[in-house]
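Trainee: Okay, here's what each chain looks like letter by letter:
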Amino acid sequence: MDAAIAQLIAGVSLGSILLLAALGLSLTFGQMGVINNAHGEFMMAGAYTSYCVAQVIPDPTWALWISLPVGFLVGGLLGLVLEVALIQRMRLRPLDTLLATFGVALVLQQLAKDIFGPQPVYAQAPGWLSGPVEILGQSVPATRVFIFFLAIFAVAALYAVLRLTPLGRQIRAAMQNRDLAEASGISTRGVDHVTFFLGSGIAGLAGVAATLMDAISFNLGTGKIVDAFLVVVAGGVGQLKGAIIAAFGLGLLQAGIEYSTSTSLAKVLVFLAVVVFLQVRPQGLVALRTRSLA
Amino acid sequence: MFALLEKKSIVAVLSLAALALSLTACGASVDEISAEPTGDTSAADIAGAASCVDTSGSSVKIGFVNSLSGTMAISEKTVSNSLTMAAEEINAAGGVLGKQLEIVQEDGASEPTIFAEKAEKLISSDCVAAVFGGWTSASRKAMLPVFEEKKSLLFYPVQYEGLEASPNIFYTGATTNQQILPGMDYLKSIGVTKLFLVGSDYVFPRTANKEIVAYSGANGIEIVGEEYAPLGHTDFATIVNKLKSSGADAVFNTLNGDSNVAFFKEYNNAGLKAADMPVISVSIAEEEVGGIGVENIVGQLTAWNYYQTVESADNEKFVAAFKAKYGASSVTSDPMEAAYTSLYLWKLMVEKAGSFEVAAIQAAADGVEFNAPEGKVVVNGENHHIAKTAYIGEIREDGLIYAIWTSDGAIEPDPFLTNYPWAAGLTES
Numbered sequence: 001m002d003a004a005i006a007q008l009i010a011g012v013s014l015g016s017i018l019l020l021a022a023l024g025l026s027l028t029f030g031q032m033g034v035i036n037n038a039h040g041e042f043m044m045a046g047a048y049t050s051y052c053v054a055q056v057i058p059d060p061t062w063a064l065w066i067s068l069p070v071g072f073l074v075g076g077l078l079g080l081v082l083e084v085a086l087i088q089r090m091r092l093r094p095l096d097t098l099l100a101t102f103g104v105a106l107v108l109q110q111l112a113k114d115i116f117g118p119q120p121v122y123a124q125a126p127g128w129l130s131g132p133v134e135i136l137g138q139s140v141p142a143t144r145v146f147i148f149f150l151a152i153f154a155v156a157a158l159y160a161v162l163r164l165t166p167l168g169r170q171i172r173a174a175m176q177n178r179d180l181a182e183a184s185g186i187s188t189r190g191v192d193h194v195t196f197f198l199g200s201g202i203a204g205l206a207g208v209a210a211t212l213m214d215a216i217s218f219n220l221g222t223g224k225i226v227d228a229f230l231v232v233v234a235g236g237v238g239q240l241k242g243a244i245i246a247a248f249g250l251g252l253l254q255a256g257i258e259y260s261t262s263t264s265l266a267k268v269l270v271f272l273a274v275v276v277f278l279q280v281r282p283q284g285l286v287a288l289r290t291r292s293l294a
Numbered sequence: 001m002f003a004l005l006e007k008k009s010i011v012a013v014l015s016l017a018a019l020a021l022s023l024t025a026c027g028a029s030v031d032e033i034s035a036e037p038t039g040d041t042s043a044a045d046i047a048g049a050a051s052c053v054d055t056s057g058s059s060v061k062i063g064f065v066n067s068l069s070g071t072m073a074i075s076e077k078t079v080s081n082s083l084t085m086a087a088e089e090i091n092a093a094g095g096v097l098g099k100q101l102e103i104v105q106e107d108g109a110s111e112p113t114i115f116a117e118k119a120e121k122l123i124s125s126d127c128v129a130a131v132f133g134g135w136t137s138a139s140r141k142a143m144l145p146v147f148e149e150k151k152s153l154l155f156y157p158v159q160y161e162g163l164e165a166s167p168n169i170f171y172t173g174a175t176t177n178q179q180i181l182p183g184m185d186y187l188k189s190i191g192v193t194k195l196f197l198v199g200s201d202y203v204f205p206r207t208a209n210k211e212i213v214a215y216s217g218a219n220g221i222e223i224v225g226e227e228y229a230p231l232g233h234t235d236f237a238t239i240v241n242k243l244k245s246s247g248a249d250a251v252f253n254t255l256n257g258d259s260n261v262a263f264f265k266e267y268n269n270a271g272l273k274a275a276d277m278p279v280i281s282v283s284i285a286e287e288e289v290g291g292i293g294v295e296n297i298v299g300q301l302t303a304w305n306y307y308q309t310v311e312s313a314d315n316e317k318f319v320a321a322f323k324a325k326y327g328a329s330s331v332t333s334d335p336m337e338a339a340y341t342s343l344y345l346w347k348l349m350v351e352k353a354g355s356f357e358v359a360a361i362q363a364a365a366d367g368v369e370f371n372a373p374e375g376k377v378v379v380n381g382e383n384h385h386i387a388k389t390a391y392i393g394e395i396r397e398d399g400l401i402y403a404i405w406t407s408d409g410a411i412e413p414d415p416f417l418t419n420y421p422w423a424a425g426l427t428e429s
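Residue numbers (the numbering used here), protein chains in the order written: chain A, 1 to 294; chain B, 1 to 429.
It is possible that some hints are incorrect.
Stated by the list, open to error - Using 30 Å as the maximum straight-line C-alpha spacing, the simulated DSSO-like pairs for lysine-lysine come out as follows: (1) A:Lys267 to B:Lys151; (2) B:Lys323 to A:Lys267; (3) B:Lys273 to A:Lys267; (4) B:Lys244 to B:Lys210; (5) A:Lys267 to B:Lys141; (6) B:Lys99 to B:Lys323; (7) A:Lys113 to B:Lys99; (8) A:Lys113 to B:Lys210; (9) B:Lys121 to B:Lys99; (10) B:Lys188 to B:Lys244; (11) A:Lys267 to B:Lys244.
Said to hold, decoys possible - Simulated coverage check for chain B against chain A, where a stretch passes if three residues somewhere in it have a Cβ under 8 Å from a Cβ of chain A: (12) 218-231; (13) 263-269; (14) 286-295.
These are computed hints drawn from the structure, not numbers from a lab.
Positions of the beta carbon are idealized from the N, C-alpha and C atoms, including for glycine.
Full structure from sequences and hints, please.
Mentor: Now the structure itself:
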């Protein structure tokens, strides 16, 4: 029983980490149909941001609180630059963007290696985050609890933006039917910029969170991007609700299989499960309802 | 930028062409040997090709093959650095048999097949007297047939999983009875009876763990868990959960690379302590400690044959020279020291043989001694490994590793564990 509860918590925690990584990707993928291979490198940029902030601010608690918004900004600005410089020039050529953003990812990784060196660097976590907290009789790393709440916060904030602001209405309109949105006087170009900024910003935020658990290294993004894609395609492209269900579903599935078999096998079986699921339901968990003809 | 790109693509095309050529050449020579009854002559031809080493001038060429690009570059660059330093020291002291060493550096690019190609190139077209380098077991295994066929010599400087002994390779890193078994001896001596194994999912951890399981069976240690994570895995919640509920006294860690960072952060954040359940690692050296964060790993154990803190005049000289050449913040680690030592051992073998000939060196190798930074090492002429001292180290607040247990003198290499009855029947996984 104890083990089941411990794995339940591990699964939920893994789900929240997956969600944070996939949230921004889901947004940009859904809005523009662009597969951004550099999404993982925006996370890497967020992680290195928290290292840089830690160099300037010696107190780890303050460093973390400041890293979160700064990481968001750094990720967002990188995304904006990528969108303006490259992606908007490749509209309707999704395969080209796939390759171009992959190239950008390699460039960013090399940049990180040149600036910070090939060995991982380290930013100290605040004292109140190093150590366990008691949940349901289980001791859970405080960092995992923190990341869980950060993911919830990011989802809530994104939901609020999409549902409650005029900007969110425009984003949703462009997502559902770009031509009609344009005909209604919405600058879809402008909406694209903002969407990409938001999505990449969340990647930066996820990167800051990742430093609490992983190495800050140039290949931080490569490890995360595959899982993030898995969540996005399983959840249904551009669907916040789908991404949330898929992230927690995959997290619990991984934790469950991993406990009863082995880590390597769990990864394989989770992949297999997603592939089989997509055979049955290619549009993902939640399908985008659209009136567009495309 | 464009010129650079073009150059790169030219290089790519050329290396493809070279690959194709070497493949056809390979095929041809195989055909010759198998088709013609005069197979002996072609073997002699190959041997003739190997002895194209030019020792007539005032210098002699040696080859270094290390990954200077790709994922292994992080580690292998440091080996290349210490090899270069050793060569410069030897040259400054008058060279080998009065000849200056001329280095030909090749990039193995973290690809075993490239290692094999570069080794071939170093032997056949650069005509080097010996080759130094390689890191992963895959790279060594890819190069092994090249050196055996060309009757040339490779000096391999990294600890590995044992169960190998080629007449054409000298292994200057530890084999398992010089690193892993001392680690187990130490755990046994502090009263560990329940052990948990964590490793990355590839050859070295799986082979090492087979030996650990066999050792444990013979020494009354119970293995309460054996978990593997794919290379690059970063979520250790489940493995740490299993660890916590296993009731283990200690953990034997053969994880590799960034996984170590995630593992130790999780271990620490889950409230586990080195004092209660120590983790002994065989792939964390001085360089890795910084990335993991000292406070996440302080008090944990490592098993190696060298630390920067080893107290000896030879090591002080080595560390000082290294810092003078590569910066005060650089650290020295076990594979770097083993590489440095390997070049000196080759020098001593050549001087003992009085010749750069491979056969003469092989004949002279047995018993060659060197006062290495790690302590005195002795070459075993039979299995081409070297006797090394084992040190169990503890990671301290300053990020360095200090020996807390030292083996009783240098341990004779036993790559096939023939002196351990419990190891009968062990094979590589």
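Trainee: All the hints need checking, so say for each whether the structure fits it.
Mentor: These are the hints, each one checked on the structure:
1. A:Lys267 to B:Lys151: violated (44 Å)
2. B:Lys323 to A:Lys267: violated (43 Å)
3. B:Lys273 to A:Lys267: holds (29 Å)
4. B:Lys244 to B:Lys210: With a Cα-Cα distance of about 23 Å, the restraint between lysine 244 (chain B) and lysine 210 (chain B) holds, given a limit of 30 Å.
5. A:Lys267 to B:Lys141: holds (29 Å)
6. B:Lys99 to B:Lys323: This hinted pair holds, its Cα atoms lying about 27 Å apart.
7. A:Lys113 to B:Lys99: violated (39 Å)
8. A:Lys113 to B:Lys210: violated (36 Å)
9. B:Lys121 to B:Lys99: holds (22 Å)
10. B:Lys188 to B:Lys244: The hint holds at about 20 Å.
11. A:Lys267 to B:Lys244: holds (22 Å)
12. 218-231: Answer holds; 4 residues pass the 8 Å Cβ test.
13. 263-269: holds (count 4)
14. 286-295: holds (count 7)
Hint check: violations occur at hints 1, 2, 7 and 8; the rest are consistent with the structure.
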